[in-house]
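Enquirer: Modelling step: build the complete structure from the supplied sequences, incorporating the hints.
For reference, the chains in residue letters:
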Amino acid sequence: MSRSTVIIAVIVAILLAGPMFIVVPMSFSTAPSLEFPPPGYWLGYYRRFFSDPNWTGPVLNSFLIGLGTMVLAMLLGAPASFALVRYRFRLRALFRLIVMMPLIVPHIVMALGYYSYFGSLGLVQSMTGVILAHACLSIPVVVLTLTSALVNFDRRLENAAANLGARPLTTFRLVTFPILRPAFFVAALFAFIHSFDEAVIAIFISGRDSATLPRQMFNSFQMEADPAISAASSLLLAAVLAALGAQFAARLVRKQRPAHS
Amino acid sequence: METARSLSLKSVTKSYLPGQNAVEAIDLDVAPGEFISFLGPSGSGKTTTLMMIAGFARPTRGEISIAGRQIDAVEPYDRNIGMVFQNYALFPHMNAAQNVGFPLRMRGVAKVPAQAKVKAALAMVGLAEYAGRAPAELSGGQQQRVALARALVFQPDLVLLDEPLGALDKTLREQMQMELKRIHRELGVTMVYVTHDQTEAMAMSDRIAVFNRGRIEQIGTPSEVYFTPKTRFVASFVGDSNLLSGKTREGGLVDVAGVGPIATSAGHVPPGKDVSILVRPETIRISSERAELSPWRNSITVEEIVNYGDSVLVLGRKAGQELRVRVPSMEMPDLRRGDECGIEWAPTRIHVIEH
Amino acid sequence: MALDLTLSRSAQGRAWSAAGWASALIRPPFLLYAPASLFLAVFFLAPLGLVIWMSVSEPTVGFDNYAEFFASKYDLNVLARTFQTALIVTITSLVFAYPVAYVAARKGGAVGSFLLGIVALSFWTSFLVRTYAWMVILGARGPVVGLLVALGVNPPPRLLFTTFAATFAMAHMLVPFMVLALYAVMKRIDEVYMRAAASLGARPLKAFLTVYLPQSLPGVLNGATLVFITCLGFYVTPTLIGSPQDKMIAGRIGQQIEQLLEFGAASATSMVLLAAAVALFVIYDRLFGIEKMWR
Chain A
1 MSRSTVIIAV IVAILLAGPM FIVVPMSFST APSLEFPPPG YWLGYYRRFF SDPNWTGPVL
61 NSFLIGLGTM VLAMLLGAPA SFALVRYRFR LRALFRLIVM MPLIVPHIVM ALGYYSYFGS
121 LGLVQSMTGV ILAHACLSIP VVVLTLTSAL VNFDRRLENA AANLGARPLT TFRLVTFPIL
181 RPAFFVAALF AFIHSFDEAV IAIFISGRDS ATLPRQMFNS FQMEADPAIS AASSLLLAAV
241 LAALGAQFAA RLVRKQRPAH S
Chain B
1 METARSLSLK SVTKSYLPGQ NAVEAIDLDV APGEFISFLG PSGSGKTTTL MMIAGFARPT
61 RGEISIAGRQ IDAVEPYDRN IGMVFQNYAL FPHMNAAQNV GFPLRMRGVA KVPAQAKVKA
121 ALAMVGLAEY AGRAPAELSG GQQQRVALAR ALVFQPDLVL LDEPLGALDK TLREQMQMEL
181 KRIHRELGVT MVYVTHDQTE AMAMSDRIAV FNRGRIEQIG TPSEVYFTPK TRFVASFVGD
241 SNLLSGKTRE GGLVDVAGVG PIATSAGHVP PGKDVSILVR PETIRISSER AELSPWRNSI
301 TVEEIVNYGD SVLVLGRKAG QELRVRVPSM EMPDLRRGDE CGIEWAPTRI HVIEH
Chain C
1 MALDLTLSRS AQGRAWSAAG WASALIRPPF LLYAPASLFL AVFFLAPLGL VIWMSVSEPT
61 VGFDNYAEFF ASKYDLNVLA RTFQTALIVT ITSLVFAYPV AYVAARKGGA VGSFLLGIVA
121 LSFWTSFLVR TYAWMVILGA RGPVVGLLVA LGVNPPPRLL FTTFAATFAM AHMLVPFMVL
181 ALYAVMKRID EVYMRAAASL GARPLKAFLT VYLPQSLPGV LNGATLVFIT CLGFYVTPTL
241 IGSPQDKMIA GRIGQQIEQL LEFGAASATS MVLLAAAVAL FVIYDRLFGI EKMWR
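Chains as they are written, first to last, in my numbering: chain A, 1 to 261; chain B, 1 to 355; chain C, 1 to 295.
Take these hints with a grain of salt, some might be off.
Chain A is nowhere near these chain B residues, computed Cβ spacing over 10 Å in every case [as the list claims (entries may be wrong)]:
1. Asn21
2. Thr60
3. Asn80
4. Val189
5. Pro333
Label-pair restraints from in silico Cβ distances [claimed, not checked]:
6. A/Arg173 with B/Arg58: 49 to 57 Å
7. A/Gly207 with C/Leu260: 43 to 51 Å
8. A/Leu169 with B/Ser223: 46 to 54 Å
9. A/Ile14 with B/Ala128: 50 to 58 Å
10. B/Gly260 with C/Arg188: 54 to 62 Å
11. A/Phe89 with C/Ala140: 58 to 66 Å
12. A/Pro178 with B/Met330: 57 to 65 Å
13. B/Arg58 with A/Pro178: 22 to 30 Å
Source of the hints: derived by calculation from the structure; they are not laboratory data.
Values in this document were obtained by computation on a predicted structure and should not be read as measured data.
Even glycine gets a Cβ: it sits at the ideal position worked out from N, Cα and C.
Expert: In structure tokens:
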């Protein structure tokens, strides 16, 4: 591969990530609005972010909604994944389609649907409503993650366990689940993030008391651009960086552990 | 002494699709302590049969019993059969000792005696020092041994081995064959061994069941299967062979088109029947001089000579009929491609397969 | 929904139905897929069905909402603009993503990890954060305008709240999706093909064009479909930094809901958007199978 190709790729990558980091200096800026370069630096917007209930409330809501979504999507999506991978049943194709559909339907369409539907159920502007909606969107994410792990799962291991005397539930507890644990973990994490990041449906149905962080950010962009938003953005960016960094470090540690002959 | 532990299959049939039988009417009795191989090409039904014995597939018809007990309604986890899986199926999240200890744990064996048994089982396969290693940290041969220890540690009635040496290289495979034989001898456990490698089946088994297209074509000792195959398939699948078609005459002679009458061991076959005759390449003697034609002598034109080191394979031709002759290197006469040479065989070594 | 499944299953008279109704109910796959089916029926299909229903019943029963949509020059313009923007975004992100995915897949090592790390960082960072970054960069007091002024462009052009800003930002945001779709296919292209091409006398560029590029096309199609459909329904970024007059279709729906309270019209517009997305997916599914898209 020619050196120039590599250089082009690296430049594109830098252009990809670079612009995001502009939120970091902005978060320390003293300017009350979008001014770059900042006229001065301070920590005031972080203080505001952590003390203003207009920000702390949504952060808490987002966590709770994300956790609720994660639990619900896992409880529904994990069995669905096993059904899809391990059984051939009637209407399996239809089931697969229904499970995947939330990925296909644009969120704005569902936002409209939930806005009216939850209105008639009395669930609009409630955390429950957002969790139910987000669970629908996260089920396909869970199913995609788990089915791809399940397809690669060597079922001879379960046969081996049965052959050695393990009953079905014991086999699941001692063999299937421990081996698939990383996939379950990743699926749950994806479900959480999918909910935590979701903006459109949250904007339309979460209401004021159950507002999520994305909704609060969206509103503050649209209204007066509360500068605390730069603190929020920086913290979100830092969270992603920390998560990726931890993953990278974990991989390094695994690599360095001496391999046996 | 307790009652004989043995395996018995009665007209066992398995069909996945109506009208198509993956396994058809298998009848088989295995004596206690016997080492029996299921030999056949892939898709011949040998693995399906093994899976039915283990309980992972249910026979469509027929019965399977172990030690006189009918087991078709018994779940795999209650069958008490040891099994070494293809690619071993070692649990990747458990170390060697935990893998070997798993069946004991399932059977509620107390910790201390279980540890002792695991230790003994690992020692038996020569892996006493590897108890703490994860499967990923073991070589293929070591994983194989762990799988074997795991299948034996709970003293099962029967041990099934599904192509256990398939993934190993040749030297290691031969070494493991010897070791398996030793363990079989020491424990006296009944073993059913599935393989597609005929030399492996020959080397290890008390008896071989040759599978083809869902049926057992022949069950017999290695030398029965090798020297007196019942069908053309068995003759060609087991070992190297010359299979010639001909018609019987009086006195054990068989007429082979283009070659002439050949003296065989089949005096009992009535004349005028279409038969195949099997001449094992290593039973033919070769000399550089042309031989006069007789029912136990002929001459061929050498078309190719392949040197295997310990033996030499001579590919010859006689009037459209190809003949393979295998000669120990020490006894190989000076021959070149295109030479004409004499061959000679012992009529008692020539087996006739009736159609 | 779930009940229907059981009825049709037991009606088949398969082997298990002999054991009776109860055992048909507790067969493992039913217990596994019934909860998700029921949940999605009540909390996904029903609200979606409501949108369909509203589109033909609000405020009066009939196809008036659709007739109005297709008679409205404004709405047809929105639709055309949406498709045009999605196309530009798809092509732009493909052009930028291809070299990144290509180098990451073929080079590996530190450079590969670096590229994938950057892509992951960008992929996992919220759309809102990235939109905010572009608001700062393209803003009236941002660095780009500052640079232009310093270079003597006065008055500087308006960058923020334009279709250009939205298009540019969306392309930038969707590059990671494209890279991942391309990379998934590319990392499975065996290096041996390029060596074989070289041994047969193909120069690098020729080998790339004749051997590598065709094998990477499934990834291109994956990525392009994914990006195009995402872009069709994009709401946040166009609403925040796009032109308020020249809306895209998702923004138009939002406006019909929030400002105009025209639920029937919003539903009809939604159905047009949904039809476009579903049509693309159906074509894609026929050709490749849906599940492959997110792999």
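Enquirer: List in ascending order the numbers of the hints, as given earlier, that are violated by the structure.
Expert: 3, 6, 7
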